[in-house]
Amino acid sequence: MFEQLSGKLSAVFDKLSAKGLLTETDINNCLREIRIALLQADVALPVIKEFLEKVKEKALQESVLKAIKPSEQVIKVVHDSLVETLGQGEELDLTCQPPAVILMAGLQGSGKTSTTAKIAKVLKEKRNKKVLLVSLDIYRPAAQEQLQTLANSIDVGFYGLTNGEDPRKTAKKAMEMAKKQAYDIVMLDTAGRLEIDDNLMTELKDVKEIANPIETLLVVDSLTGQVAAKVAQSFKDSIGLTGLVLTRIDGDGRAGAVLSVKGITQVPVKYLTTGETVDAIQEFDPSRIANRILQMGDIVELVEKAQAAFENEDAEEMMKSMSKGRFTLVDLKKQLEMVGKMGSMSSLMKMMPGMGKLASKIDPAKMDDKVIKHQIAIINSMTLKERLNPDIIKAKRKIRIAKGSGLTVNDVNKLLKSHKQMSVMMKKFKGGMPGLGGLGGKMTKSQQNQMMNQMKNFKI
Amino acid sequence: MGLFNSLKNKFSKTTTELSNSFEKIFVHKKLNDEMLQELEDTLIQADIGINNAIEIVEQLRAEKFAKDVTIEEVKEFLSQKLIEKLDGFEQTIDFNSQNPFVLLMIGVNGAGKTTTIGKLSQKLKNEGKKVLLIAADTFRAGAVEQLNVWAERTSTDIFKPENEKADPSATIYKGLEFARESDYDVIIIDTAGRLQNRQDLMAQLDKMLKTIKKQIPEAPHSSMLIIDSTVGQNGLMQAELFKKSAEISHLSITKLDSSAKAGCLIGIVDEYKIPVSYIGVGESIEDLKDFNAKNFVNSLLDNVKE
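Taken in order, these protein sequences are the chains called A and B. If you use the numbering used here, the first sequence corresponds to residues 1 to 460, in order. If you use the numbering used here, the second sequence corresponds to residues 1 to 306, in order.
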């Protein structure tokens with residue numbers, strides 16, 4: 001998308017560079033391309049319209065018109081405007097007479113219950129709060145059991161076993177209980193509801209009045225399409241919102257819904273959730289979502305994944321041997337195993353800036369991690385002596401290794417060849433090589449932070 | 001007509017809105033650029049996707065530009081084009097074709113797999129079938145309990161995992177073994193929600209499929225992908241990757257009573273040729289209907305004149 005958009009924008013500007021002057025039509029052509037790009041990312045149309053006004057205004061500024069590569073300037077304007085519209089993430093505001101109440105709302109299946117537990121864990125562990133989870137979902141079968149199980153697993157309080165009782169009543173009782181037992185935080189998990197369901201929306205309004213929450217969070221699936229804006233607007237109009245939580249950010253959606261809901265409600269995004277486990281929750285970083293929407297790659301995520309996979313003793317050991325300019329097949333195997341841990345090759349490629357388009361061209365089936373597994377199998381079929389000193393691997397040994405790994409001599413040759421190329425490269429890099437570049441190596445915390453900051457400031 | 005009317009009522013809230021926007025575009029005048037643009041916008045807002053919207057609007061332009069048109073004519077034209085794309089892909093599951101018939105339910109988290117199973121169990125029970133549910137979502141808290149409530153509501157047998165942390169494949173293996181001892185007509189396997197780009201979870205799905213085949217080589221007789229109406233263009237990615245790894249044979253659309261139009265279905269069927277079986281239109285047990293392309297498209301475009 002990013003490549004496609006920048007390509008199309010370049011084409012628009014190429015035509016006009018002969019003329020040297022930017023006309024209204026030229027700008028409109030650009031805007032049309034940006035509109036398409038945003039639509040493909042599922043940004044809601046009303047939000048796009050407003051957004052394009054903003055872009056147009058900025059694009060008409062002299063700095064863009066006089067730029068040597070105006071198309072790049074326009075993309076920068078788009079990216080910066082995205083970041084601006086997405087706004088900064090904000091922490092939960094819990095400054096009030098305890099218990100502070102957090103009301104969770106959203107459509108069915110948006111991820112409210114899981115998110116409730118994730119936030120509770122953050123509040124308990126990072127902000128030292130005593131948290132009570134309350135289930136007000138009397139509609140979905142076993143919704144209460146789900147929240148209770150999660151509450152037990154993170155060791156926070158739970159209330160809500162009053163079967164089939166009106167949620168308004170339950171909310172009242174829960175508040176009394178929270179006060180008596182001196183809870184700092186009460187999180188009200190409500191049933192999923194459609195914004196057009198008048199009865200359930202009234203119920204939600206009543207619950208809000210009873211519990212007087214300091215935070216009312218709308219939980220939105222980041223894979224949502226055009227309807228996201230309308231849903232968010234309706235929830236805001238009927239109950240009022242103080243924040244947004246976007247779920248399923250670990251999906252391969254373009255997350256345009258984040259821009260839709262933020263653009264339409266103007267309330268800050270408080271959290272993003274990124275997986276099924278209770279720890280899979282993050283603070284919001286607008287730049288990353290902007291990159292995602294433009295498919296500019298999410299280099300920060302890539303670095304984080306790399307770090308998670310590499311932060312172990314293996315990496316340190318490997319780094320030591322590599323810093324001596326020595327890169328054996330033992331090291332290569334470890335490296336392959338680490339790459340395997342980071343996730344699929346195609347998902348990694350999508351995260352790299354400029355690689356998104358390439359990744360889409362490659363058949364995911366062929367990109368699958370069999371290649372890596374095969375290479376590991378080949379190395380596994382070698383003796384330690386061979387692994388440390390690949391030069392001794394000649395024809396006979398190759399045949400044996402091929403047989404042992406269930407692959408061909410040709411595959412063995414390929415592996416040896418790429419190992420050779422890599423070890424030549426390693427020698428060149430001998431010494432300092434922080435992080436990703438060498439696909440290995442442990443960074444110090446300050447190096448990591450420095451690198452993360454560089455990555456976050458990454459501009460086109 | 002009964003079904004159509006009930007559907008129409010379900011949809012009326014949102015269709016009124018959509019058709020109002022149609023009505024605003026056309027009174028009875030010559031088709032111009034502005035009208036076409038608004039039409040394209042309307043289609044886009046139904047999640048049809050920018051490329052499909054452009055394609056259809058360009059076809060309309062080619063045929064009717066600068067000619068006198070009425071709203072009915074335009075809607076008829078759009079409706080035809082959309083139905084064309086779905087033509088031949090309305091297909092409920094023939095549960096009589098195998099005995100026992102094994103149905104595997106797949107989808108991303110929160111799409112509505114378990115609820116759909118509940119509704120489907122009732123439907124099968126009404127048809128006199130003996131059904132077994134296998135609760136193979138051993139990951140999400142409360143998932144087994146949720147399916148169990150549906151089993152109780154519909155008086156359907158359920159096979160549950162031995163303990164909380166049981167492996168889903170092991171549960172399926174034992175469930176199918178158990179099923180062999182009784183004469184079930186239909187076995188429905190509930191699985192945990194998974195995002196299609198998560199390789200670890202897709203590998204787990206692959207293992208489940210292999211396990212099923214160990215017990216019944218030609219099973220599953222259908223793998224059904226559940227798609228949430230509110231999803232945007234990611235619906236296409238879901239269809240593509242689940243089709244690749246789990247040989248999806250049928251689709252069902254949930255939450256069609258929401259404001260979303262599930263327009264991504266047009267692209268999914270067009271591109272991946274997967275038949276659509278059922279639609280979910282509410283939270284009660286009878287809110288499962290056979291998919292009907294014409295009604296689906298009508299609800300996407302139809303205006304309610306009352």
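In short, the hints are calculated from the structure, not lab data. One or more hints might be untrue.
Stated by the list, open to error - The calculated lysine-lysine pairs, modelled on DSS-like cross-linking and capped at a C-alpha distance of 25 Å, are:
#1 A:Lys-373 x B:Lys-210
#2 B:Lys-165 x A:Lys-121
#3 B:Lys-125 x B:Lys-174
#4 B:Lys-207 x A:Lys-370
#5 A:Lys-370 x B:Lys-289
#6 A:Lys-169 x A:Lys-180
#7 A:Lys-373 x B:Lys-207
#8 B:Lys-130 x B:Lys-165
#9 B:Lys-129 x B:Lys-165
#10 A:Lys-394 x A:Lys-427
#11 A:Lys-370 x B:Lys-214
#12 A:Lys-370 x B:Lys-210
#13 A:Lys-370 x B:Lys-244
#14 B:Lys-75 x B:Lys-125
#15 A:Lys-370 x B:Lys-129
#16 B:Lys-243 x A:Lys-373
#17 B:Lys-75 x A:Lys-373
Unmet hints by their number, sorted upward, for this structure: When the structure is compared with the hints, numbers 5, 8, 9, 14, 15 and 17 turn out to be violated.
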